[in-house]
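So the sequence lines, in the order shown, correspond to chains A and B.
This note's numbering applies: residue 1 is where the first sequence begins, and numbers increase by one.
This note's numbering applies: residue 1001 is where the second sequence begins, and numbers increase by one.
Take these hints with a grain of salt, some might be off.
The list that follows gives simulated cross-link-like pairs (lysine-lysine, DSS-like), each with its CA atoms no further than 25 Å apart [claimed, not checked]:
(1) B:1108 to A:163
(2) B:1128 to A:81
(3) B:1128 to A:84
(4) A:81 to B:1181
(5) B:1100 to A:81
(6) A:215 to B:1108
(7) B:1039 to A:84
(8) B:1270 to A:81
(9) B:1108 to A:84
(10) A:84 to B:1100
(11) B:1075 to A:84
To be clear, the hints were calculated from the coordinates, so they are not data collected in a lab.
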Amino acid sequence: MVYKEWIKTRWFVILYAVLGLSFIAYPFLNVQRDFKFSDANNYWYTIMFMGVSYFGSLKFVPVLGALAISVAQYFPETVSKRIKLTFHLPINENRVLLMMMLYGSICLVTCYIIQLAVFLGLSCIYFPSDIVMPAMTSVTPWFLAGFAAYYLAALIVLEPVWKYRMAYLLVTGTFVPLFFQSASTGAYEPVNLALAFLVIIISISLLFSGYRFRKGEM
Amino acid sequence: MSNNAIECNNLTHYYGKKLVYENLNIHVKEGSILGLLGKNGAGKTTTINILNGFLQPRSGECLIYGENTQHLTPKNKSRIGFLIEGHVQYAFMNIHQIEKFYSGFYEKWDNEPYWELMSKLKVTPTQKISTMSCGQRSQVALGLILAQDPDLLILDDFSMGLDPGYRRLFIDYLREYAKSKNKTIFTTSHIIQDMERLIDDVLIMDYNRVLTQRNVHEFMREFKQIALEVENHSIDLSDEDFVANFEKVNNKVEIYTYESASFVKNFLEKNGIVHHNFREVEMGLEDAFIGLTGKY
């Protein structure tokens, strides 16, 4: 099962892993430049007390990568209703979908862990923990949004009826922005756990599209 | 215990308010090859979808090896080879990748027939299935089914998009395989001449009903076309009990019936229907199909 998913998504995963790292590293070029032209203490001060963010450009990196991987993984299944082949494999249909979802989640977790590790490592080079830890708290919902976008894109792509797809798009368009509310650094700390819980709940939403397909909705 | 590989009981299905069929009963004996024939929209693909668990009928049930097709267990699914209309496969893979992928799922996997078929294709090892011709794709799909070594093959319009050479190759391989290994096949095809070479039993569907399900040779022996010319152009025998279908163009009449030519001749004479050039016309399966279902 993993083999098929890998063949579909490998170039997207690899490209995203490479590009994602570039995007993560990019803001630190600015940080390095600012460090050169102004005193580090002043720069830290602007971050800690004036709300300047050095990582704002990362905001949509997790979501865009997740969308690309989700579409690359699920769209080929819908072409000529190829999902029928997948459901016909000698595995329980829900289990097949959960395995596909798990594969995508592992790809994202791997990419995100690398990105967060690089982000954390580079942040620690330039900033004290008083800046780094709130920054990690602030980027967490963006990465959670990546998972949400991946699961909801799977739900939308696998849905056999356009009318329902539109409804799911509307739900997605309402739900995903919750992760991107403008807030001061670290402000998401009280809700990150709740958002993570919501993401876990929607992770199995693709089962509903699969069920509707198997019941012959079209 | 029933030796039916497939058993559909009182199957009723609607699309919205449009009735597809009502109380349809189908059975396919183990080891037989059944061809499902019907005009466009008669419900062939609907039946295939119900059989594969991709459509829930409004009422009734289909059983494959005794299991409801809405809840087939993985073990039972591994006994079923499924060919999707248009020979759809994972087109993003090449022939090596797809064989490797499927081989992990089936205990009885035997790649020999697959590679035998692949050796006939002029494709490169890394060529993606999406770049192959329809005929080549059909051989990939067939090779995978043969390698799976299923007990039951469900083939949805296997001849779609194939040129005569590939169709013949497909049918000859399939029939030889099925008969030598006692496999069951349930198939549909738009090209009925192909069915004639392949099937043992025929099931002909019209809108909302089954017209016949029987051994194809019996059907061809018993179902007859009588052609004649009548003097009275307004004559219409379509309501007579013995007439399965009645076609008329000017004074030229075709009567399709399960009765003998002498029975029809007697009927015409007894009822004073003046006619000449009365003859029984030899039919192929396609002629018989059109004779039974009508030209439109």
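For each hint, the structure was consulted:
no. : hint            : verdict
1   : B:1108 to A:163 : 42 Å, violated
2   : B:1128 to A:81  : 18 Å, holds
3   : B:1128 to A:84  : 20 Å, holds
4   : A:81 to B:1181  : 30 Å, violated
5   : B:1100 to A:81  : 22 Å, holds
6   : A:215 to B:1108 : 30 Å, violated
7   : B:1039 to A:84  : 24 Å, holds
8   : B:1270 to A:81  : 58 Å, violated
9   : B:1108 to A:84  : 21 Å, holds
10  : A:84 to B:1100  : 19 Å, holds
11  : B:1075 to A:84  : 17 Å, holds
Checked against the numbered hints given earlier, this structure breaks hints 1, 4, 6, 8; the rest are met.
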